[in-house]
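Q: Residues per chain are reported as follows:
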Amino acid sequence: MKTYDIVIIGGGPAGLAAAVSARKSGIESILIVERDKELGGILNQCIHNGFGLHTFKEELTGPEYAARFIEQVKELDIEYKLNTMVMDISHEKVVTIMNRTDGMVEIQAKAVILAMGCRERSRGALNIPGYRPAGIFSAGTAQRLVNMEGYLPGRKVVILGSGDIGLIMARRMTFEGAKVQVVAELMPFSGGLKRNIVQCLDDYDIPLKLSHTVVDIRGKQRVEGVTIAEVDNHGKPIPGTEEDYDCDTLLLSCGLIPENELSNGMGVDMNRVTSGPNVNESLETSIDGVFACGNVLHVHDLVDFVSEEATTAGKNAAKYVKDGEGRAEGGRDIVLNPIEGVRYTVPGTINVDRMDDNLTVRFRVGGVYKNVYVSAYFDDERVIHKKRPVVAPGEMEDIKLTKAKLQEYPDLKTITIKIEEA
Amino acid sequence: MEKRELICIGCPMGCPLTVEMNGTEVASVTGNTCPRGDAYAKKEVTNPTRIVTSTVMVEGGSVDMVSVKTKEDIPKGKIFECVKALKGIKVKAPIHIGDVIVSNVAETGVDIIATKNA
Chain C
1 MKTYDIVIIG
11 GGPAGLAAAV
21 SARKSGIESI
31 LIVERDKELG
41 GILNQCIHNG
51 FGLHTFKEEL
61 TGPEYAARFI
71 EQVKELDIEY
81 KLNTMVMDIS
91 HEKVVTIMNR
101 TDGMVEIQAK
111 AVILAMGCRE
121 RSRGALNIPG
131 YRPAGIFSAG
141 TAQRLVNMEG
151 YLPGRKVVIL
161 GSGDIGLIMA
171 RRMTFEGAKV
181 QVVAELMPFS
191 GGLKRNIVQC
201 LDDYDIPLKL
211 SHTVVDIRGK
221 QRVEGVTIAE
231 VDNHGKPIPG
241 TEEDYDCDTL
251 LLSCGLIPEN
261 ELSNGMGVDM
271 NRVTSGPNVN
281 ESLETSIDGV
291 FACGNVLHVH
301 DLVDFVSEEA
311 TTAGKNAAKY
321 VKDGEGRAEG
331 GRDIVLNPIE
341 GVRYTVPGTI
351 NVDRMDDNLT
361 VRFRVGGVYK
371 NVYVSAYFDD
381 ERVIHKKRPV
391 VAPGEMEDIK
401 LTKAKLQEYP
411 DLKTITIKIE
421 EA
Chain B
423 MEKRELICIG
433 CPMGCPLTVE
443 MNGTEVASVT
453 GNTCPRGDAY
463 AKKEVTNPTR
473 IVTSTVMVEG
483 GSVDMVSVKT
493 KEDIPKGKIF
503 ECVKALKGIK
513 VKAPIHIGDV
523 IVSNVAETGV
533 DIIATKNA
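Residue numbers (the working numbering), protein chains in the order written: chain C, 1 to 422; chain B, 423 to 540.
Hints listed in this document are in silico derivations from the structure and should not be mistaken for laboratory results. Certain hints may be false.
Unchecked claim - Covered by chain B, per the in silico footprint, the following chain C stretches (three or more residues, Cβ under 8 Å): (1) 40-54; (2) 61-74; (3) 146-154; (4) 191-205; (5) 385-397.
Predicted model only: the values in this text are computed from it and were never measured. The beta carbon of each residue, even a glycine, is placed where N, CA and C say it ideally should be.
For reference, chain B alone in the conformation it holds in the complex (with noise of 0.2 Å):
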């Protein structure tokens, strides 16, 4: 059975997870002190996926930036796809937190929403 280390990023706690995977089927995890680890570590090993964070320009605005990320994890791979979406993007204020900034960035089937209110 093989075996992978991988450090926990669900959340800064950072706990050391063992998964045994037989195959491509995961058969265990140990390690983790939430589920939340043990999600993250069968997906990291299948099909890994990142909250994707960045800000977008605003005009009217109290401020010039505006937070966003996208509302759900995506695919690693498309991580500098939905990146290069946010680029040029300018929204007008008002935005509070929660609008949707882009929907279905980078054809992910998630949308990026705004994390400040401006």
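Just chain C, same shape as in the assembly (with noise of 0.2 Å):
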């Protein structure tokens, strides 16, 4: 059996980056395996500006930041497979693998890199009552349409959910030159970014109707139509607010999940609110050398942060290698406890023996928050105190930890995160 010292599965923004850091930490044998004829992953089909800023310090398009690290993937010589399905991902971490000029292979990893990214929330998964004709899509694979095939999915559209990719291919399909009507959003607050919906919907005055959904869709071959209505605090449609709207396309942009079968198939200890494996400081999962991150482990809002944390993962697992079996075992393992308007966070464990100097502490909200503060205790010692003038789920929080500040509490067990009131 071939191995490797580390398997990467996805070759997309997190995958590219961990294998940078994983080569930089010095290991050698790397192995990226991306199922897509091209690396990059879905930034190929981003090719809209505002990504890069805190990474590169310039606004690049999908395309453009995806190149920057596949230009260092080349330079460092790192291998890597496309066209490639991994099939399964043993406990004792056989990664068995398919394409059409290998056939199906098993490889022996000593460590591995989950980095599959996440899939759109399907209409399946949303129950909306009506027929089922064709012009259904979801933004994502609209965007794939339209930026990467060069087809046009529809010329009257009403998206649901506001997620960013639906409020990217609002503006996307305006310049295309089809009349995208509204935009719908279950909740009382848009689950995408404010700068997409100022640059998205508001600089082509197309309303974003919040507590609003679909509750029909008309047409047998082709959609002909869709009702919207209001929906009361429980997600539940209005009766008498009904709205008809003539369209050809309904684009759905309603959250994303983690695409973790390969994670549930090894056994790896799963997250119920990221849908994510639950992983340490190391971003370990709770399979000793199988790591995680970007979207597979929680849904990111922004790329330079997948990177960063898959910059952090393939350090760790270079250090997973390089140590093997004499790494530093024990230790105490102190628990992060996301309350109070706090819905998960990552990691969810911190072993200080094994930690880096710093710590980023990712984390999302249940709400929208007004002028509140981001509090960390240490047990009962509140240590953190950050003002924040608004907190919103749509977009990811975080707090930093430092090596010496954790030292300073040895019997520390539990820090609780939480919202607090100004």
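Grab the two chains, each in its own frame, and use the hints to assemble them into the complex.
A: Structure, rendered in structure tokens:
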């Protein structure tokens, strides 16, 4: 069986940054497995700008951002396989891959980095009533059709969900001559970034209807129209608020779900809130030597943070390979406890002996809060108290911890992170 | 003094900005966390501009479409003229990131450049 020190599952932004980081940490034997025909993942279809301000201090489009990392992968001579599916990863880190030239092959990895990304929530998962005609697309599918394949999926469009891809596609379809009539969002707040509402909807006078959803889809062969209605506090449509829109296309931008079939298959312990693996300070899952980063771990808003997270995962995977059996075991695990408005944290536990000097804890909040504090309690003592003018579910938050600080609390068991009123 | 509230689109942080106007002059910008926010706010209330991104067809390349952008931001009022100018354009591979696809698009003085290798 062929062996590699590190096998990286996925050649999108997370996989690329993890590979570069692992190589720079001294690991020669690395393989990236990518199922598409090119590296770069979802960035290839994200032709809009706004990527890379944190990483490169300039504003790039998705393909340009991807190219920066692909160049590094090529310069560092990191091996990758395209058009290759990973069929299975065993608990013992045997990776079964398949492609047209090699057939089905088993590879033994010393460490695995999960970087499979995420998928869009489909119509089936949304339970929208009505017929099942052609013309209903996820926003990302429409994005791929327009930007990579050169097709316009429709001319009169309604968008359900105000996720970033939906907002970006509202503008993109407008550029291509389609009429985007309305964006309906079930929640009383948008799931997308504020800047995208400004530059994708407001700029083109496309209305955003909060607390609205699609209650009917008309048309048998092709979408002929949809009905949207206002919803109450429980998300239930309010009778009498229905509005009909004639359209030939309905785009769905209703959230992203980490793609963890492989992780589940190998028995990684999963988090019910993120739908991604539970990880420790090293971004290592419940299986030794299996790391996770990017959207497979938790859905991000910014690729810059994916790259940053993946760089950490790559470095830690390299350390795991180099230390091997000799790695420091034991030590104490501090548990991170998200409550009162904080839905989850990544990581979920911190081993102070193993952690880097600095650690970023990322999390999302459950609602929109104005003029609040993000607080971290070390057991009962409030140690971090950060004022935030506004926090929202669509925008990831973080707090920074240092090893030096944590070492001042030798008996610390739990760090509680919560939102506090000002 | 007139006040305008804006959301900065300079990066995905989306800082809430407050611009104080003295007639047509910008008196102050607050709420920004970096100099880009200041620059954005001043431009947005006087001469709003945007980077425009799109795609054009490519022949003989590894992909069918190559993504493009305006090399710099162009006036908002010129966006649709710019998009129209890209309609029907077909380029021949190889194309490299940064190659000029259309020069001086819609008389803006700004070039359309490729953002992908094809």
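Q: If you count the residues of the region 385-397 of chain C with a beta-carbon closer than 8 Å to a beta-carbon of chain B, do you get 3 or more?
A: holds (count 3)
Q: Are three or more residues of the region 61-74 of chain C within 8 Å, CB to CB, of chain B?
A: holds (count 5)
Q: So is the region 146-154 of chain C in contact with chain B by the C-beta rule, three or more residues under 8 Å, or is the coverage claim wrong?
A: This one holds; 5 residues, not fewer than the three required, reach chain B with a Cβ under 8 Å.
Q: Cut-off 8 Å, C-beta pairs, minimum 3 residues; does the coverage of the region 40-54 of chain C by chain B stand?
A: holds (count 7)
Q: Are at least 3 residues of the region 191-205 of chain C within less than 8 Å of chain B when you compare beta carbons?
A: holds (count 7)
The structure meets every hint from the earlier list without exception.
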